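All residue numbers for the sequence shown refer to our numbering, where the first residue is 118 and numbers rise by one.
If you're looking for bench data, these hints aren't it; they were derived computationally from the structure.
The structure displayed is predicted, hence computed values, not measured ones.
We put the beta carbon where it would ideally sit given N, CA and C, even for glycine.
Wrong hints could be hidden among the right ones.
Stated by the list, open to error - Here are the simulated DMTMM-like cross-link-like pairs (lysine to aspartate or glutamate), alpha carbons at most 20 Å apart as the crow flies:
| id | residue 1 | residue 2 |
| --- | --- | --- |
| 1 | 290 | 627 |
| 2 | 494 | 580 |
| 3 | 290 | 613 |
| 4 | 473 | 567 |
| 5 | 473 | 527 |
| 6 | 290 | 527 |
| 7 | 256 | 567 |
| 8 | 473 | 293 |
As the list claims (entries may be wrong) - Label-pair ranges, simulated between beta-carbon atoms:
| id | residue 1 | residue 2 | range |
| --- | --- | --- | --- |
| 9 | 408 | 320 | 49 to 55 Å |
| 10 | 401 | 494 | 35 to 41 Å |
| 11 | 224 | 616 | 51 to 57 Å |
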Amino acid sequence: MAKGEGGEQYSNPSLLNKPVSSDGLTLARKHENGNRLSVCNKICYAIGGAPYQITGCALGFFLQIYLLDVAQLDPFYASIILFGGRAWDAVTDPTVGFLVSRSPWTRFGRMLPWIVLSTPLAVIAYFLIWFVPPFEDGKVIWYLVFYCIFQTLQTCFHVPYSALTMFISSEQKERDSATAYRMTVEVMGTVLGTAIQGQIVGMANAPCLPGPGDIDLSNSSLSLGLNASGPVISLDDTKVAYMIASGVICIIYVLCAIVVFFGVRERKESCRPRSQPMGFFQGIKLVMGHGPYAKLVMVFLFTSLGFMLLEGNFALFCSSTLGFRNDFQNILLVIMLSATLAIPFWQWFLTRFGKKTAVCAGSLSVIPFMILVVCMKSNLIVTYIVSFAAGIGVAAAFLLPWSMLPDVVDDFQVQNPDSTGHEALFYSFYVFFTKFASGVSLGISTLSLDFAGYISRGCSQPEEVDITLKVLVSAAPIALILIGLIILYSYPITEEKRQGNRKLLQEQRDNEADSESDSTELALMI
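Can you make the complete structure from the sequences, with help from the hints?
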């Protein structure tokens, strides 16, 4: 079918003159049917994206406020943990991608063993991140070490899983469909992560501590930690709640890994031999030397940095600046739920108007709500409405990068037909830059709060803290998103070029199938 559309422009003359045997037609039909994925295959593949988003959402929304208000670390040390962990995580991505690209093929595939073997240790490290150790002197080292260990092990899960997209089918349409399933599950994962972490912790939210300016609160039930029914909620109760939430997330993590392992069949690469293994820095030069990939990475580096600034500071903004200390977890849940519902719309939009247009529309749609949330007066109902509307734009940030990456890999394969087996490198370097952006955003934002005079568990914050939070959730993200969209303007893979690449790759695969058929016929004759 791919050869029939636009065949005059992209056809191969040798294919037109070659007689087609019945065995060749049978093989071609088997090849075409073998590349189709059932709904069950797509769902099992998509479920593998949930652990990364569930844990990432819990860490992104809640780790900063956990370190400051529950572990009660100084903001300076919290910024070291957040930046150090993410920076380490960023470094491990290309390293793991390099190791995965050199991994031998096993009877389970090349990507799936990484996913299964990394899971048990990853969940242990994740649980220990949310455990407050019974000592003070080494607390910073405790969190930094286990945060780095978890990020490393999660990378060993997520980089092979991301590259698995290229091995579940050779058909671009099937990969795009599987990616849409995956993005839907991943956004549902963010809803689940926000719900589990937010609702469990929200039921045991320790009260704020009145400062010198909170005289009116000093004798209130809030300062005494009393709720409507009377029992005291202590900081120890909050610590236990965080551990319960992390335990539930660990169970889900393990179940998702099991579903992927037993529900997804990794297809071996084509009969073309893989390129000779290359060195680490040679791999960097290879992927970053491909112009469309470098531009795409820069686009999503800036846009991801903007959305991560919003994500990492929105919980503190809701609880400290807007005063919704007991409702911020519900506001976050509304954003993620809205994003989940909007995924099918963006999938339709990108197929109707193109992926490049969808990125622009999705990124720009969230900007008015970023401005509105900091300009309006504190009003819970309005905040819920604004959050729901903003979630529609957040959905585009989830779906579109992963939908566009296979297009860049296909473009590389068209331009470099003899260079194969580097898919993991492309995915790992993309993850590297997004995680580096996350580390920079969390480190800078937490350090900015330290300079502004943030008060741990304070019922009110200095005006400088409120101004800083408004900049971190509005002005700075908007500027970064606009820079990313300016770079996107020069992104060269249009819908026409994408379709052309698809046809050329299909012809390459048809040639390989014909060669395989000829070899089979020759062997039978002999």
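For a C-alpha distance cap of 20 Å, please report whether residue 473 and residue 293 respect it. holds (15 Å)
Tell me if the beta carbons of residue 401 and residue 494 are separated by a distance inside 35 to 41 Å. Violated, since residue 401 and residue 494 (Cβ atoms, about 50 Å apart) do not stay within the stated range.
Taking the Cβ atom of residue 408 and the Cβ atom of residue 320, is their distance within the range 49 to 55 Å? Taking Cβ atoms as reference, residue 408 and residue 320 lie about 51 Å apart, which means the hint holds.
Check the hint pairing residue 473 with residue 527 against an upper bound of 20 Å on the C-alpha distance. holds (16 Å)
Verify the proposed pairing of residue 290 with residue 627, using a straight-line Cα cut of 20 Å. Holds - the C-alpha atoms of residue 627 and residue 290 are around 16 Å apart, at most 20 Å.
Straight-line Cα separation of residue 473 and residue 567 no greater than 20 Å? violated (39 Å)
Can you confirm whether the C-alpha distance between residue 256 and residue 567 stays at or below 20 Å? holds (18 Å)
Would the hint linking residue 290 and residue 613 be met if the CA-CA limit is 20 Å? holds (15 Å)
Straight-line Cα separation of residue 290 and residue 527 no greater than 20 Å? Holds - the C-alpha atoms of residue 527 and residue 290 are around 13 Å apart, at most 20 Å.
Just to be sure I understand the hint, the distance between the Cβ atoms of residue 224 and residue 616 should be within 51 to 57 Å; is that true here? Since the Cβ atoms of residue 224 and residue 616 sit about 36 Å apart, the hinted range of 51 to 57 Å is violated.
Is the straight-line distance between the alpha-carbon of residue 494 and that of residue 580 20 Å or less? Answer holds: residue 494 to residue 580 is near 15 Å, not above 20 Å.
In the structure shown, a violation is registered for the earlier hints numbered 4, 10, 11, in ascending order.
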